[in-house]
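Participant: Work out the full structure: start from the sequences and follow the hints.
Protein chains: 2
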Amino acid sequence: MTDLSQGIAFIDDEYVPVAEARIPVLDWGFLHSDATYDVAHTWHGRFFRIEDYLDRFHTSMAKLRMSVPYSREQIRAIMFELVKRTGLRDAYVEIACTRGLPAPGSRDPRNCQNRFLAFAIPFVWIADDKLRQQGLNLLISEQQRIPPESVDPQIKNYHWLDMVMALFEAYDHGADTVVLVDAAGNLVEGPGFNVFARSGNTVITPARGVLEGVTRETILELLSREKLDVRQDLLPATLARSAQEVFITSTAGGVMPVTRIADETVGDGRPGVLTAKLNDAYWSLHADPKYSVAIDY
Amino acid sequence: MTDLSQGIAFIDDEYVPVAEARIPVLDWGFLHSDATYDVAHTWHGRFFRIEDYLDRFHTSMAKLRMSVPYSREQIRAIMFELVKRTGLRDAYVEIACTRGLPAPGSRDPRNCQNRFLAFAIPFVWIADDKLRQQGLNLLISEQQRIPPESVDPQIKNYHWLDMVMALFEAYDHGADTVVLVDAAGNLVEGPGFNVFARSGNTVITPARGVLEGVTRETILELLSREKLDVRQDLLPATLARSAQEVFITSTAGGVMPVTRIADETVGDGRPGVLTAKLNDAYWSLHADPKYSVAIDY
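Those protein sequence lines, which keep their order, are chains A and B.
Read in order, the letters of the first sequence are residues 26 to 322 in the working numbering.
Read in order, the letters of the second sequence are residues 26 to 322 in the working numbering.
Nothing false has been slipped in among the hints.
Any copy will do: because identical chains look the same in the list, a pair fits if it lies in one copy or spans two.
Computed cross-link-like contacts, EDC-like style, restricted to lysine to aspartate or glutamate with a CA-CA straight-line distance of at most 20 Å: (1) K315 / D80; (2) K88 / E194; (3) K88 / D77; (4) K88 / D197; (5) K88 / E167; (6) K181 / D80; (7) K155 / D133.
Worth flagging that the hints you see were computed from the coordinates, not collected in a lab.
Facilitator: Pasting the structure below:
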């Protein structure tokens, strides 16, 4: 028997073990990475901000001129059903829409029937327990993130080759992960996360060229309760290097401290106080009915 | 019975009808578009410049730090076998390598076993017979092609959302296809093709930010036999608009005339003499044993 706790997918109107879920090679979601997706998560049996993920997913599909034969309510129901079938309390729930198959011989994306798929798998962490406690060693790559003039970063997309190559560069340098820059050398985002830096009373997160992550948004909400000057602005590499605190935010881990940038310590080299406070507050929201909804297993 | 003339794929060590070829949803070739590919073609039962496509594919894999358990000779043999099994004389033969499946819970691309796949399908044209005879109406989009600082365009890749969005824009304007620009507004490339413009005795094709296509390379070789000043340089939109001849080159069609740019005629509005000459010469090379090799069906 297949272990369904390793994940279940919904594709072509069927629920299947995630290891058996496959998409046609000819789907332009693969051959042109012509697709959008979103990833919500559950924590202790509750979906976190699921409506925000659904909002973004539908906005992304509309921008890409895609539509699927499932209503928002049906997609939400599929997400719940996936988690219920896996029995997972802490899960990563991805929903995706691909352009689909072209008509034979055609190169016209207007003629494709878009494909919806979804899957739930065990929660995935960007950084393991130890790294989240001691803090990450972050490389600032000179690799430029695909700019918004090419691909709208608000359309959550699978164009990750820039991130993958930067990640290899980070590993080569002994770093744990990597943040990419824009053409002017300002920090933008890393593979699956946003970045924040605190210098004194000022907290900056990049304003442009980034996915406005739901975790990022949650942290901005939490920061607005603090007596801090919080800005969405340019974040030059020099500013990040001289910051007292740097942290990254992601669905895949919440708020994670960065304690080294290219082997130089950030602040005193220990995870920052604000970082820890935000992380605690972030995870507390997961039990708050204003932010989360229980799954009826 | 499945009609194998519609295409056959080779995936996970098996030959299957292309319509049945699927890749796992969790393969990072899909979820991160972490993949490279190449497309050779056969014409009248002969592979065209297959070694050049194999060269590029292996260079791309090396740049992405990928490797597959098939030698170059085995990949070439698979390409021939695919075409033989379809019986197609004029075919499009795609080879691809994906990052593969991550270890459960891991986000480290170094731990993936890369996946090789290939398929042969009937030859696909960018433009149909009529369009190739009368010439295409090309839109110059303001959409910027993903720049080389983000993704090396010499690594042939599936990051096409910029091209897809530009293509929708072209269709909205009644154009047949589209060329994207760089940050300075110079023409770069379009979905699956390179572009050339002739003004008087000078022929320019963009030098930077483009895939150096095998067809582009072939046309540069053919142009070197002409008494023309041929340059790989910047190609500003104004220069393209005022050119006497504009054409696009692609494996998916050879040399195709552009007779309108955003509804304004190029030159006298008819396909150019040089364009036609190059197209004839290009297709003639397909019977030349120096450029092509016969398939023993």
